[in-house]
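There are 2 protein chains.
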Amino acid sequence: MKKNIIVGQSGGPSVAINSSLAGVIKASGKFNIEKVYGMRNGINGLINDNIVDLTNYNNPKDLLNLMTTPAMVLGSCRIKLPEIDQDLNVYKNIEKIFKKYNIGYFFYIGGNDSMDTVKKLTSYFSSINYDVKIVGIPKTIDNDLVLTDHTPGYGSAAKYIAVTISELIRDTAIYNIKSVTIVEIMGRNSGWLTLAGGLPKFLGNDKPQIIALPEVAFDEDRFIEKINECLKVDDSVLAVVSEGIKDKNGNYVGSETKSGAIDTFGHAYLSGVGKHLEHLVTQKIGCKVRSIELNLMQRCASHMSSLADINSALEIGEKAVDAAINGHTGVTMGYKRISNSPYKYEIVANDVEFVANKEKFVPKDWTNLNNPECVKKILEYILPLIKGEVEISFDDNGLPCHFVI
Amino acid sequence: MKKNIIVGQSGGPSVAINSSLAGVIKASGKFNIEKVYGMRNGINGLINDNIVDLTNYNNPKDLLNLMTTPAMVLGSCRIKLPEIDQDLNVYKNIEKIFKKYNIGYFFYIGGNDSMDTVKKLTSYFSSINYDVKIVGIPKTIDNDLVLTDHTPGYGSAAKYIAVTISELIRDTAIYNIKSVTIVEIMGRNSGWLTLAGGLPKFLGNDKPQIIALPEVAFDEDRFIEKINECLKVDDSVLAVVSEGIKDKNGNYVGSETKSGAIDTFGHAYLSGVGKHLEHLVTQKIGCKVRSIELNLMQRCASHMSSLADINSALEIGEKAVDAAINGHTGVTMGYKRISNSPYKYEIVANDVEFVANKEKFVPKDWTNLNNPECVKKILEYILPLIKGEVEISFDDNGLPCHFVI
Numbered sequence: 001m002k003k004n005i006i007v008g009q010s011g012g013p014s015v016a017i018n019s020s021l022a023g024v025i026k027a028s029g030k031f032n033i034e035k036v037y038g039m040r041n042g043i044n045g046l047i048n049d050n051i052v053d054l055t056n057y058n059n060p061k062d063l064l065n066l067m068t069t070p071a072m073v074l075g076s077c078r079i080k081l082p083e084i085d086q087d088l089n090v091y092k093n094i095e096k097i098f099k100k101y102n103i104g105y106f107f108y109i110g111g112n113d114s115m116d117t118v119k120k121l122t123s124y125f126s127s128i129n130y131d132v133k134i135v136g137i138p139k140t141i142d143n144d145l146v147l148t149d150h151t152p153g154y155g156s157a158a159k160y161i162a163v164t165i166s167e168l169i170r171d172t173a174i175y176n177i178k179s180v181t182i183v184e185i186m187g188r189n190s191g192w193l194t195l196a197g198g199l200p201k202f203l204g205n206d207k208p209q210i211i212a213l214p215e216v217a218f219d220e221d222r223f224i225e226k227i228n229e230c231l232k233v234d235d236s237v238l239a240v241v242s243e244g245i246k247d248k249n250g251n252y253v254g255s256e257t258k259s260g261a262i263d264t265f266g267h268a269y270l271s272g273v274g275k276h277l278e279h280l281v282t283q284k285i286g287c288k289v290r291s292i293e294l295n296l297m298q299r300c301a302s303h304m305s306s307l308a309d310i311n312s313a314l315e316i317g318e319k320a321v322d323a324a325i326n327g328h329t330g331v332t333m334g335y336k337r338i339s340n341s342p343y344k345y346e347i348v349a350n351d352v353e354f355v356a357n358k359e360k361f362v363p364k365d366w367t368n369l370n371n372p373e374c375v376k377k378i379l380e381y382i383l384p385l386i387k388g389e390v391e392i393s394f395d396d397n398g399l400p401c402h403f404v405i
Numbered sequence: 406m407k408k409n410i411i412v413g414q415s416g417g418p419s420v421a422i423n424s425s426l427a428g429v430i431k432a433s434g435k436f437n438i439e440k441v442y443g444m445r446n447g448i449n450g451l452i453n454d455n456i457v458d459l460t461n462y463n464n465p466k467d468l469l470n471l472m473t474t475p476a477m478v479l480g481s482c483r484i485k486l487p488e489i490d491q492d493l494n495v496y497k498n499i500e501k502i503f504k505k506y507n508i509g510y511f512f513y514i515g516g517n518d519s520m521d522t523v524k525k526l527t528s529y530f531s532s533i534n535y536d537v538k539i540v541g542i543p544k545t546i547d548n549d550l551v552l553t554d555h556t557p558g559y560g561s562a563a564k565y566i567a568v569t570i571s572e573l574i575r576d577t578a579i580y581n582i583k584s585v586t587i588v589e590i591m592g593r594n595s596g597w598l599t600l601a602g603g604l605p606k607f608l609g610n611d612k613p614q615i616i617a618l619p620e621v622a623f624d625e626d627r628f629i630e631k632i633n634e635c636l637k638v639d640d641s642v643l644a645v646v647s648e649g650i651k652d653k654n655g656n657y658v659g660s661e662t663k664s665g666a667i668d669t670f671g672h673a674y675l676s677g678v679g680k681h682l683e684h685l686v687t688q689k690i691g692c693k694v695r696s697i698e699l700n701l702m703q704r705c706a707s708h709m710s711s712l713a714d715i716n717s718a719l720e721i722g723e724k725a726v727d728a729a730i731n732g733h734t735g736v737t738m739g740y741k742r743i744s745n746s747p748y749k750y751e752i753v754a755n756d757v758e759f760v761a762n763k764e765k766f767v768p769k770d771w772t773n774l775n776n777p778e779c780v781k782k783i784l785e786y787i788l789p790l791i792k793g794e795v796e797i798s799f800d801d802n803g804l805p806c807h808f809v810i
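Chains as they are written, first to last, in my numbering: chain A, 1 to 405; chain B, 406 to 810.
One or more hints might be untrue.
What the hints assert, rightly or not - Heads up, simulated DSS-like pairs for lysine-lysine below, C-alpha to C-alpha not over 25 Å straight-line:
#: 1; chain 1: A; residue 1: 178; chain 2: B; residue 2: 485
#: 2; chain 1: B; residue 1: 466; chain 2: B; residue 2: 505
#: 3; chain 1: A; residue 1: 387; chain 2: B; residue 2: 435
#: 4; chain 1: A; residue 1: 61; chain 2: A; residue 2: 80
#: 5; chain 1: B; residue 1: 466; chain 2: B; residue 2: 435
#: 6; chain 1: A; residue 1: 80; chain 2: B; residue 2: 583
#: 7; chain 1: B; residue 1: 497; chain 2: B; residue 2: 408
#: 8; chain 1: A; residue 1: 80; chain 2: B; residue 2: 693
#: 9; chain 1: B; residue 1: 407; chain 2: B; residue 2: 435
#: 10; chain 1: A; residue 1: 100; chain 2: A; residue 2: 3
#: 11; chain 1: B; residue 1: 485; chain 2: A; residue 2: 288
#: 12; chain 1: A; residue 1: 61; chain 2: B; residue 2: 792
#: 13; chain 1: B; residue 1: 741; chain 2: B; residue 2: 769
#: 14; chain 1: B; residue 1: 781; chain 2: B; residue 2: 631
If you're looking for bench data, these hints aren't it; they were derived computationally from the structure. Predicted model only: the values in this text are computed from it and were never measured.
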């Protein structure tokens, strides 16, 4: 008897995670898998037997709708499994569920923390010689996973950010009075999304004049100096700033004004650098100043997603099923870029050991943003990822149609 | 010799103001007007002879591009003309410019403050018997102009807000932990844009559970009580809140933390009602809470504009030229709704005396949002205004093509 699939979503949302889920559901048909189950709220659903049957969604209409729905239709979680020797019961419980639903293939769509779950489940089930293929499917708008050219979700977030910055360039330039606008962008410790905010400038616009990556030590005095230089030649200054910028000692900029709260993985909640810099500009320069957080919109604006991203997110979901059926386990899928122009990639399976709990940063030689060679590399990298627009469905009222389970 | 047109844009931006400008340029062709001039930065450009020739943009490609470019291609200003008897020189200066450019038709696209300029110029030029037709074209995302069914720009901002709230509903519902998300929406003292944030709920969704209009006295205790009630039946609570909500005494909620007030104990960077309420929820409930400002995006996101809005903004620009050519002066154009279903309107010219410096609020009998009759009225009003999506042009890089003068 052929075994069934179970799939879950974990970590922070993006607009491409449901597309990867659609890919898993779609590919199950190719291999005549009888049932595709979804776990509610990631690994929580697995532990608590909160399972939903997704098999009937394998039809073009539902899959398309799923592909263009933001966030996670299955819900998410932010929990880490215990070490196997610390709490064997959790694993025995999961084993029971696997048996109950005759699971032979487990897919987990998530970021670096979620790959830790893939890693631990692989260890457990291989230690008991239980035949289940365990495959991770990457996702994160932050683009900070290693061993993949990029992550699904990044291209769409990057496109939303670049489009929004393009629009803010228009909006902030209308008055002939001196003004500074600071846009705070997500990405934790990696500057990939902030680079996307710089795209209008890299493509020839004179703004944003300031692009602050977390990979480069941030100097508040230099920031104020640079704004003053810009204000001499232009009335409005636009700065895109990563939420994770740090000073030369490695302390988050404005950290003294942050809440100090940390999430369950021990990451500090980052928010507030924009407001911090806004107040700095008020104090040191005194001109009109505004800070803008792109906030959750950058990870859920499916109305402005990248066609390249949504399509390749579907594809990586499909390829994950291929890999599992072909016997891969303890792997996480990744994109391997073959060429920039024309843009070509293949989808590969990487050992999850080399991916879990690791972060990928913007390389040092990409951070000199005044160097045309550096800008060329950035453009070659990002532009294929934001290519194309997704036609989303709107209902008769003019609101987007979202898929809900 | 036929006289020329001059047109300007003033006040805060929207995504429809350039469409009205396109309407003026387009209609000039119909009447064989020789020159269409634009003033840079509104009335400032007129006073300082900072004038640009727009005549050659009267071609389908440029007009279409102009229609889908956010903010103001001519730039804006926020100045009020002095009273005529206080500073006659300003008016004499404008008269000189009118003569220099042989101006017979003056159009000013703006909000309630800008209509004050239309009013004063009309008074001056009629007092000296100078033959120039002076016509206001409304715009403001706030929708707070009187004597018009709605204002150009409102429908698009409303659509962006409603779509974004739809997406945030997905994003904020993924975890099974208690959380509150507060979205702060523009609109000054009128709740029209906040009503748009409520559209998903009015159309059958259970969120946003809380919709706070500035027309209804806001009670912080009741707000917390309502959140607690919602958290009993749902993990996530979404509240849309107008930036202009006031308590029962008419004081802006959180006003003590606005206006750049700084305290050094971690509350230094509170600003805006969203952050204020976020802090309140933290103190009183203690669950996960986040506030989001839709900020400038709600007025410049041309990638998510309403087709009905952009098209009718063009039309009102055209009709303004018709009105001027037909001898109207000292008027501001407005929409008069004829029927809801099918949605029909006509464009009329109202005496600017009755429009300038006045505000239109959400009517009292529309603010009981638990009443189905009230919700029906709101839907009948707003839905035709957000109807349809605008196909904007993207360049080969995947970024929007904007029109720049």
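Determine which of the earlier numbered hints do not hold for this structure and return their numbers in increasing order.
-> 2, 3 and 4
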